[in-house]
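J.: Kindly generate the complete structure, drawing on both the sequences and the hints.
Number of protein chains: 2
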Amino acid sequence: MSTYKAPVEEAVFLLEDVLGFSSYGQLPGFAEVSGDVLAQILEEAGRLSEKVLHPLNALGDLAGCRRAEDGSVATPKGFIDAYRAVADGGWIGLSVPTEFGGQGLPYVLTALTNEFASSANMAFAMYFGLSQGAMAALLRHGSDAQKQLSLPKMVTGAWSGTMNLTEPQCGTDLGLLTTKATPNPDGSFSLTGQKIYISAGEHDLSENIVHLALARIEGAPAGVKGISLFLAPKFLINPDGSLGPRNKLSCGSIEHKMGIHGNATCVMNYEGARAELVGEPNRGLNAMFVMMNEARLGVANQGLGLSEIAYQNAADYARERLQGRSLSGPKNPAGKADPIIVHPDVRRMLLEIKCFNQAARALSLSVALDSDVAHRSHDPAARQAAEDRLGLLTPVLKCFFTERGFENAVKAQQVFGGMGYIVETGVEQFVRDARITMIYEGANGIQALDLVGRKLPKDGGRAISAYLKELQSFIGSNEAPELAPFVKPLQTAVGDLQKATLWLMQNALTKPDNAGAASMDYLHLFALVALGHASARIAKAALEKKAREPQTARAMEAKLIAAKFFMERMLPETGFRLARLSTGADTMMSLEAEMF
Amino acid sequence: MSTYKAPVEEAVFLLEDVLGFSSYGQLPGFAEVSGDVLAQILEEAGRLSEKVLHPLNALGDLAGCRRAEDGSVATPKGFIDAYRAVADGGWIGLSVPTEFGGQGLPYVLTALTNEFASSANMAFAMYFGLSQGAMAALLRHGSDAQKQLSLPKMVTGAWSGTMNLTEPQCGTDLGLLTTKATPNPDGSFSLTGQKIYISAGEHDLSENIVHLALARIEGAPAGVKGISLFLAPKFLINPDGSLGPRNKLSCGSIEHKMGIHGNATCVMNYEGARAELVGEPNRGLNAMFVMMNEARLGVANQGLGLSEIAYQNAADYARERLQGRSLSGPKNPAGKADPIIVHPDVRRMLLEIKCFNQAARALSLSVALDSDVAHRSHDPAARQAAEDRLGLLTPVLKCFFTERGFENAVKAQQVFGGMGYIVETGVEQFVRDARITMIYEGANGIQALDLVGRKLPKDGGRAISAYLKELQSFIGSNEAPELAPFVKPLQTAVGDLQKATLWLMQNALTKPDNAGAASMDYLHLFALVALGHASARIAKAALEKKAREPQTARAMEAKLIAAKFFMERMLPETGFRLARLSTGADTMMSLEAEMF
Numbered sequence: 001m002s003t004y005k006a007p008v009e010e011a012v013f014l015l016e017d018v019l020g021f022s023s024y025g026q027l028p029g030f031a032e033v034s035g036d037v038l039a040q041i042l043e044e045a046g047r048l049s050e051k052v053l054h055p056l057n058a059l060g061d062l063a064g065c066r067r068a069e070d071g072s073v074a075t076p077k078g079f080i081d082a083y084r085a086v087a088d089g090g091w092i093g094l095s096v097p098t099e100f101g102g103q104g105l106p107y108v109l110t111a112l113t114n115e116f117a118s119s120a121n122m123a124f125a126m127y128f129g130l131s132q133g134a135m136a137a138l139l140r141h142g143s144d145a146q147k148q149l150s151l152p153k154m155v156t157g158a159w160s161g162t163m164n165l166t167e168p169q170c171g172t173d174l175g176l177l178t179t180k181a182t183p184n185p186d187g188s189f190s191l192t193g194q195k196i197y198i199s200a201g202e203h204d205l206s207e208n209i210v211h212l213a214l215a216r217i218e219g220a221p222a223g224v225k226g227i228s229l230f231l232a233p234k235f236l237i238n239p240d241g242s243l244g245p246r247n248k249l250s251c252g253s254i255e256h257k258m259g260i261h262g263n264a265t266c267v268m269n270y271e272g273a274r275a276e277l278v279g280e281p282n283r284g285l286n287a288m289f290v291m292m293n294e295a296r297l298g299v300a301n302q303g304l305g306l307s308e309i310a311y312q313n314a315a316d317y318a319r320e321r322l323q324g325r326s327l328s329g330p331k332n333p334a335g336k337a338d339p340i341i342v343h344p345d346v347r348r349m350l351l352e353i354k355c356f357n358q359a360a361r362a363l364s365l366s367v368a369l370d371s372d373v374a375h376r377s378h379d380p381a382a383r384q385a386a387e388d389r390l391g392l393l394t395p396v397l398k399c400f401f402t403e404r405g406f407e408n409a410v411k412a413q414q415v416f417g418g419m420g421y422i423v424e425t426g427v428e429q430f431v432r433d434a435r436i437t438m439i440y441e442g443a444n445g446i447q448a449l450d451l452v453g454r455k456l457p458k459d460g461g462r463a464i465s466a467y468l469k470e471l472q473s474f475i476g477s478n479e480a481p482e483l484a485p486f487v488k489p490l491q492t493a494v495g496d497l498q499k500a501t502l503w504l505m506q507n508a509l510t511k512p513d514n515a516g517a518a519s520m521d522y523l524h525l526f527a528l529v530a531l532g533h534a535s536a537r538i539a540k541a542a543l544e545k546k547a548r549e550p551q552t553a554r555a556m557e558a559k560l561i562a563a564k565f566f567m568e569r570m571l572p573e574t575g576f577r578l579a580r581l582s583t584g585a586d587t588m589m590s591l592e593a594e595m596f
Numbered sequence: 001m002s003t004y005k006a007p008v009e010e011a012v013f014l015l016e017d018v019l020g021f022s023s024y025g026q027l028p029g030f031a032e033v034s035g036d037v038l039a040q041i042l043e044e045a046g047r048l049s050e051k052v053l054h055p056l057n058a059l060g061d062l063a064g065c066r067r068a069e070d071g072s073v074a075t076p077k078g079f080i081d082a083y084r085a086v087a088d089g090g091w092i093g094l095s096v097p098t099e100f101g102g103q104g105l106p107y108v109l110t111a112l113t114n115e116f117a118s119s120a121n122m123a124f125a126m127y128f129g130l131s132q133g134a135m136a137a138l139l140r141h142g143s144d145a146q147k148q149l150s151l152p153k154m155v156t157g158a159w160s161g162t163m164n165l166t167e168p169q170c171g172t173d174l175g176l177l178t179t180k181a182t183p184n185p186d187g188s189f190s191l192t193g194q195k196i197y198i199s200a201g202e203h204d205l206s207e208n209i210v211h212l213a214l215a216r217i218e219g220a221p222a223g224v225k226g227i228s229l230f231l232a233p234k235f236l237i238n239p240d241g242s243l244g245p246r247n248k249l250s251c252g253s254i255e256h257k258m259g260i261h262g263n264a265t266c267v268m269n270y271e272g273a274r275a276e277l278v279g280e281p282n283r284g285l286n287a288m289f290v291m292m293n294e295a296r297l298g299v300a301n302q303g304l305g306l307s308e309i310a311y312q313n314a315a316d317y318a319r320e321r322l323q324g325r326s327l328s329g330p331k332n333p334a335g336k337a338d339p340i341i342v343h344p345d346v347r348r349m350l351l352e353i354k355c356f357n358q359a360a361r362a363l364s365l366s367v368a369l370d371s372d373v374a375h376r377s378h379d380p381a382a383r384q385a386a387e388d389r390l391g392l393l394t395p396v397l398k399c400f401f402t403e404r405g406f407e408n409a410v411k412a413q414q415v416f417g418g419m420g421y422i423v424e425t426g427v428e429q430f431v432r433d434a435r436i437t438m439i440y441e442g443a444n445g446i447q448a449l450d451l452v453g454r455k456l457p458k459d460g461g462r463a464i465s466a467y468l469k470e471l472q473s474f475i476g477s478n479e480a481p482e483l484a485p486f487v488k489p490l491q492t493a494v495g496d497l498q499k500a501t502l503w504l505m506q507n508a509l510t511k512p513d514n515a516g517a518a519s520m521d522y523l524h525l526f527a528l529v530a531l532g533h534a535s536a537r538i539a540k541a542a543l544e545k546k547a548r549e550p551q552t553a554r555a556m557e558a559k560l561i562a563a564k565f566f567m568e569r570m571l572p573e574t575g576f577r578l579a580r581l582s583t584g585a586d587t588m589m590s591l592e593a594e595m596f
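First to last, the protein sequences are chains L and X.
The C-terminal residue of the first sequence carries number 596 in full-length UniProt numbering, and the numbering is unbroken.
The C-terminal residue of the second sequence carries number 596 in full-length UniProt numbering, and the numbering is unbroken.
Wrong hints could be hidden among the right ones.
[Stated by the list, open to error] Here are the simulated lysine to any residue pairs, SDA-like style, with alpha carbons at most 20 Å apart:
1) X:Lys225 to L:Pro330
2) L:Lys336 to X:Gln169
3) X:Lys331 to L:Thr172
4) L:Lys336 to X:Leu174
5) X:Lys511 to L:Ser328
6) X:Lys499 to L:Glu573
7) L:Lys336 to X:Gln194
8) X:Lys336 to L:Thr178
9) L:Lys336 to X:Asp173
10) X:Lys488 to L:Ser582
11) L:Lys336 to X:Gly226
12) X:Lys225 to L:Gly335
13) X:Lys511 to L:Pro330
14) L:Lys336 to X:Ala593
15) X:Lys546 to L:Glu594
16) L:Lys5 to X:Met595
17) L:Lys336 to X:Glu167
18) X:Lys225 to L:Ser326
19) L:Lys331 to X:Lys511
20) X:Lys511 to L:Gly329
21) L:Lys336 to X:Gly175
22) L:Lys511 to X:Arg325
23) X:Lys469 to X:Gln384
24) X:Lys488 to L:Ala579
25) X:Lys331 to L:Leu174
26) L:Lys331 to X:Gln169
27) L:Lys336 to X:Ala222
28) L:Lys545 to X:Met595
29) L:Lys336 to X:Val224
30) X:Lys499 to L:Gly575
Simulated from the structure, these hints should not be mistaken for lab results.
T.: Set out below in structure tokens:
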């Protein structure tokens, strides 16, 4: 049976000591969480995840969701009460503007509390996570009436949200979408078609479900330029907000999946379902991307969350399991054997996870703060800079955090030996659940293409130039000798990133296959640099705090060791990635498709 | 639903053109498979795996094994007939000496046919794979009577075998073993204790099960020097070979596992079970290692086998799934989209698997041939050289093939996008099944320690010296310019291996933690070099064959491309591994256990 402890202290350290949280005080919503309030909110969120969500995690995996013949879906036992607790605690609308009933608090808090919830019970956290994504899209693109009607209900959890994109013939390539929207005389539309892989598509947690669905208005252009976004509720919504009759859409089946059994992944059949247009016709992709971008950061945090809980359980096991003796002499001479944490290779596995978790959380929070600045700042220059950084780093986090999140769950499982393969231990569920994060919200290969093909060249490379400048400036202003073990390796890695960026500029424009061939290695190189930067920032803050508050020395020392481990053993991968991507596309493109 | 095609042509190419199979003709058993016979046998094995074993793979995963209240275990539907087909085909005893009813054919054929079976249905293949391991141990350490009674029955499949090592408190550290062996007046022993994770511990496929179990004779020394090996049959064996009453051992429960549901992983309770000593008292570990070593190569081939079937299905899907357009212009202009195999990043994923499979199979077969030479040659020098190479490479293959096998199954799953997460597609089962190969038969960390701590220093480093010489000699004698793209990168990688070996010699003797801290990176570096060598050998043979037999040009070109891809994109990892391991143990050992 797994356990979970939300990393509240760590989060507060990262926000306050590393990321300068107090300097954001002028942004709307930030003053409300100054001082001790921040820690209090996080502790409350932590308790909810530890005591309410996590105890249902293994049970939900085992029980799964059940569809009755009438198309209704029952979630695992306990999920309804837990959903009530999350909703009543105000967590769903934590960062939604107060005018719609939300708490208006910084998005960075939502990102953190969602990480906690994803650690504790990812399949469950997805139910309200999708509501948050749907609310983000409605906030930006919905009409006033749509916002007034839906958002307050979604904030309380009375209604929930989904996103309906995929169809059997249409996954990554949304241009192939065929779900049809037929205009009705009253201005509404009737949707007909089938959507698949719809997370939380049908369930018993809320009284209504607001489906945001992509469809093609009859006569619209082919391809992605003819796609519109619609709001199709499970129960029709009367003008006063009360519920009308059942809409003509239903769950046809629940998918059998490798993991996240507690979440109902539905085939949704639209049979002339009544829907309202959201935003402008044929601009649906644009509106959906608002939701997707927020969702991608959410998925990145799922990767981190699973890495965190897997780590905690593996570290506990390594401290308890007695097996073998230390190579440097017994450490537990009174016992029959030493705890396996004495073995270097066990420490290696644990530290590979720990140093990632620490740096990834710092990076994730810095990007969440970018999102806050981009959406809340009154300074247009600050908004643009933050939006650039957010856009650049979103695919990096989505891809890298989910890949490492999965790999770290696998590594944690390895620490358990044979026990790790047994269901009751709990860690194999983390592996199965983590696996989907690499696939959904844009498979990781798509993230790499987004980075290389869209985000790098956008606005003449403004975002990447600014980011490289940020890195150089950090290196230039941190030349103190005690920082050298962190800053020097970072400098080498930044050099690799510059070379790789240059390689792309010189080789990808003339031959686009070179961009595709290099994309995944470039993203990895980029992510390693970003995490190296985060690790160096953590080291700097830890050294300062240790000097300032000697009672924190032991905790700060642990952070320094983890950061050093990252620099020594993880960051050198940038050279390997550069070597790989520099070989270009020729070899891989030269093999005939039939000869694969 | 997954499909499988045994790579017979590829195997014949590797054996005949790359590994010089015909030059082994003087070894016992090899003359029988000269000429077309080799391909015929492999085709027959392929058909069995394709038509009989693979159709049961998903069914077995879904149904699992069921234990009845009396402790009997039913395997999934169809397994009994399939087991009969394997046994009647003579596959279980393919390489067992003819005097015990086997076919006496080279072990390399058993290795290959087991790879096919593991691809097709790993959970099923384990049932007879364990019999083969048990037979190997009895052949080497059993008494004449034990061999005469048991081997012929095991060859026909009438009886099967298991290995019983693990206990709840004792996994890697066999010194903690507590199962007790009490001597009986007639020279037999009574075993009392509990064994866990016993694959094929109880089932309905054979009329008797021969358990090889480790236990401690009363009064024996503590630790690993007091462990003996016993033969404890499910049904007692009368002197004439007929079956007597049920022995006092039984399956207490079946584990709930992440995968290999078709194999019964049992808790075995010994309650005064009658058993015979195998080999000498207190030398059980020694005897068990014979079984373990053969089993480790078998597990390596499971990793390769799952990588192969996952690859085949992903490549098929990539050729069929239409989504998006090629970056260099439409390749399927008549269709709504191009097949995803046009995208460089999809090709990257597929080629990363393909170039591994090709090189790993060559390496696996070369090691299997070492095993044949070690056990069959009349030349003591050749035997010793082969035994050295086999010992050195066994942990490398076990660890690296299973890790990459798992990663490749994950990569293949990624090619499927959302479909890959759905049970019915079949590929997620490969991932779950592959996961255990990294854990059982000695967790991969133990393999790395075995390599660095035992195999390298053994006999004054004779094995590693000879291996480095073999690599240098290959490089020195292949300086033709058309081989340069393969041999030059290999030379760099061999240089990294030499540096890493030197680093270990200089740093690990004085400080054993450095050995542990470096072990996993060293093993990876070693494996990459060995696969680089194999890739270069393949390239050389392919170039020669292409020149000699122009009609093979297309097939040979595909092998050359895969080998080149390995050199360009996989092999440069050696530099990264060297950089990592050279950082030593200091950082990882400096973190207090409580601060993890």
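J.: Can the restraint linking X:Lys225 and L:Gly335 be considered satisfied, given a maximum Cα separation of 20 Å?
T.: 19 Å, holds
J.: Is X:Lys336 close enough to L:Thr178, meaning Cα to Cα at most 20 Å?
T.: Holds. X:Lys336 to L:Thr178 sits at ~12 Å (cutoff 20 Å).
J.: Does L:Ser328 sit within 20 Å of X:Lys511, going by the straight-line distance between their CA atoms?
T.: With a Cα-Cα distance of about 8 Å, the restraint between X:Lys511 and L:Ser328 holds, given a limit of 20 Å.
J.: Is it true that the CA of L:Lys511 sits at most 20 Å from the CA of X:Arg325?
T.: Satisfied, since the Cα-Cα distance of roughly 15 Å is no more than 20 Å.
J.: Sort out whether X:Lys511 lies within 20 Å of L:Lys331, counting only the CA atoms.
T.: 16 Å, holds
J.: Are the Cα positions of L:Lys336 and X:Gln194 separated by 20 Å at most?
T.: Measuring from Cα to Cα gives roughly 19 Å; hence the hint holds.
J.: When you check the alpha-carbon spacing of X:Lys499 and L:Gly575, does it fall within 20 Å?
T.: 18 Å, holds
J.: Within a Cα-Cα threshold of 20 Å, do L:Lys336 and X:Ala593 meet the stated pairing?
T.: 18 Å, holds
J.: Sort out whether L:Pro330 lies within 20 Å of X:Lys511, counting only the CA atoms.
T.: 15 Å, holds
J.: Is the Cα-Cα distance between L:Lys336 and X:Val224 20 Å or less?
T.: Status holds; Cα separation ~13 Å.
J.: Do the alpha carbons of X:Lys469 and X:Gln384 lie within 20 Å of each other, as the hint requires?
T.: Within the cut-off at roughly 16 Å; holds.
J.: Within a Cα-Cα threshold of 20 Å, do L:Lys336 and X:Ala222 meet the stated pairing?
T.: 11 Å, holds
Hint violations for this structure: none, all hints satisfied.
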